Amino acid sequence: MNEEIMTALYRKAVGGSVTETSQEFGGEGCGELLRRRETEKYYPPDVAALKAYLELTGGDDILSLSDEKLEEEMERIRGELGARGE
18 MNEEIMTALY RKAVGGSVTE TSQEFGGEGC GELLRRRETE KYYPPDVAAL KAYLELTGGD
78 DILSLSDEKL EEEMERIRGE LGARGE
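With the working numbering applied, the sequence shown closes on residue 103, and no number is skipped along the way.
Honestly, the hints are just simulated from the structure, not real lab data.
All values derive from a computational prediction rather than experimental measurement.
Just to be clear, a hint being listed does not mean it is correct.
What the hints assert, rightly or not - List of simulated lysine-lysine pairs, BS3-like, C-alpha gap at most 27 Å: (1) LYS68 <-> LYS86; (2) LYS29 <-> LYS68; (3) LYS29 <-> LYS58; (4) LYS29 <-> LYS86.
Produce the complete structure using the sequences and hints provided.
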């Protein structure tokens, strides 16, 4: 499967924060920057995405895992990401 798709699915599965930047420029062909705002958005982990990711990557028998076990696996993966600085 396409690596970009798997990476996107993985990021959705573990959640995280993203910095979004919006810029407002002057009107009528004026290219002057009037305002720039950065906001941090938090996206919570998604259990369905985690289940799909583990199923596609050959994880343990995902269909037999409970939601609680999936949550534990998600926290384990987030811990690994934090240790790697991602």
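Of the hints stated earlier, which fail here?
Result: no hint breaks.
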